[in-house]
Amino acid sequence: MNLKAPEFMMNGKTSFCPGCGHGIIGRTLFENAVEMGYEEKLITVVDVACCSLFMYSTDCDFVGAAHGRVLPTAIGVKRSRKDNLVVAYHGDGAAYSIGMAHTMWSAIRNENITVIVVNNQVFGMTGGQMAPTTLNGQKTTSTPLGRDINLSGSPFDVTKVLKSFDIAYLARGSVDSPAEISKTKKYIANGIKNQMEGKGFSLIEVLSPCPTNWNVTPLDAIKHMNETVKNVFALGEFIKDGVVL
Amino acid sequence: MNKKSNDSVIMKGNEALAEAAIRAGCRFYSGYPITPQTEVLEYLSWRMPEVGGEFIQTEDELAGINMIYGASAAGERVLTSSAGPGFSLLQEGISYLVAADLPAVIIDVARLGSGLGDIFQSQSDYELATKGNGHGDTMVITLTPASVQETVEFVYLAYELSEKYRHPVLILSDAAIGQMMEGVTFPELSEHDINKYDWSVKGRKKGSEPRKITNVSYFCEGGYYGYEAIYADKIKKIAENEQRWESINVEDAEIVTVAYGISSRICKEATELARESGLKLGLIRLKTATPFPVKAFDEISKDCKALLLVEMSISAQLKSDVVVASKGKLPIYAYLSSVDVPESEKVVEIANKIILDEAKEELVYEP
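Chains as they are written, first to last, in my numbering: chain A, 24 to 268; chain B, 1480 to 1846.
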């Protein structure tokens, strides 16, 4: 394991909140790109809000997309530059709410891109409203009494849906511990490998803490992930090399 | 179609537009079917693969416009097309293209009405095409072709302008011009190198500067003020340098019609018809709707009594632009034919009524 992050993501301009998972997830992506020899081929397409902060803390080629339009934007880049490594990076609000049609259709067409979805159960930048992944009963600024699944439906689990699609790769990781970070890095590496071998659509969802909007300390956020979140969202690989596991 | 340049053929407007895009070097199309622009999509579905380009029928117009956003960021020459209700859906993406300084060519083949309206010809998208373009201070360059030949020429012009200013360009066609067949000669083939521009994303070489395509104004160089200055300067230059129009007999006209697209062809005929009967009728035909050709109005005769808008819409959508361009000095009348293509005889009839001060019903602005 590297103790030092790739130099190009250390320009000193990071502005993630203390205890946020984005920095760790980004590092696994960028480390993979370097270690797999694709640093000079990497083009990252990021959503607005928290995801877009990478554009300013990391000095590689980026395209900032409109909210929820990360996948069409990444597809535009990839189909124009087939030799590049194109990674789409967005949150659960973008992927499963406003951009759900694009998530479905990118998977249906088995687009040759690597997709990272950060699942922290809230809309982060707007101040912690209900997201598609908000847990049953979870209090947010738009569900002050807790999410009522009779009113808002159940938390969305992408693995249950995409398992029936003909895609290359599907996994869910977490950044709550060094062991899970290590696995997540491997999942993202698999997603990158699939794309560079032309196998098609890879989606890696990553459970991530948001202490700011969960109103807890960073340590309690990790505790909450272990005690509650991971019981709802199962970790592991679900599709590998196009085969449902 | 073979790949020879200067081919002369008879072709449908929408198909000629699509072929022109290919010949102008466009190698990326993404879009969604909607009448009356679907021929653009259908034509490119077989033509684009022939030249090794990318064609994608998308899940919706939002995907269509955002795919070209990505492809343009990667340096490709791009196209999407839609009509009426679909054009409404493109607005968000147009605003992002403007904010991110990305060249792109967008087509609206206008159709009738609000809501679903209908598939018939109309010029009811003028306000949206010139004052809309999504949220924020957005303004795109809008070209208004009046024939199949001009549609083809404007596709080339659209790519040239969009890359010159790193700015989206809209071609506002309509169902009549999109669906009609006319003789057309294609200009020389144009090649596009995807690595032509330094600013496009390619993957950062170690030790070199990264390229970051952003639509977030406060992340631009100089923050908000930097963004404001760059954008204000760009739209000022566009307004100053890119006004395009055709004037016919405006130097001695008593009445000057103002029109674009299919309606302007009728007005051209009407100017000849009027002259035969002794009425001095002129025409200002817009080739660009944005920037609006205000300079054209400086050439109008001092003896001009009124301006007559000829539009296929229910409201006089050209009015505000024409009031400003004519500095509010002349009365403005409008012949609004909505779904019907205007008639040249009726243009002359209304012009005669204006001279006799009998056109109260057509009056839309009084100084």
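Any given hint might turn out to be false.
What the hints assert, rightly or not - Covered stretches of chain B (in silico footprint by chain A; criterion: 3 or more residues with CB under 8 Å from a CB of chain A, positions within the stretch not fixed): (1) 1679–1685; (2) 1725–1732; (3) 1760–1773.
As the list claims (entries may be wrong) - Not close to chain A: a few residues of chain B, all C-beta gaps over 10 Å, as computed: (4) 1509; (5) 1541; (6) 1575; (7) 1717; (8) 1802.
Rather than coming from a laboratory, the hints here were simulated on the basis of the structure. None of the values given here were measured: they were computed from a predicted structure. Heads up, the beta-carbon is just placed ideally off N, CA and C, and yes, glycines get one too.
Against the structure, the hints:
no.: 1; hint: 1679–1685; in the structure: holds (count 6)
no.: 2; hint: 1725–1732; in the structure: violated (count 0)
no.: 3; hint: 1760–1773; in the structure: violated (count 0)
no.: 4; hint: 1509; in the structure: 7 Å, violated
no.: 5; hint: 1541; in the structure: 7 Å, violated
no.: 6; hint: 1575; in the structure: 5 Å, violated
no.: 7; hint: 1717; in the structure: 23 Å, holds
no.: 8; hint: 1802; in the structure: 35 Å, holds
Hint check: violations occur at hints 2, 3, 4, 5 and 6; the rest are consistent with the structure.
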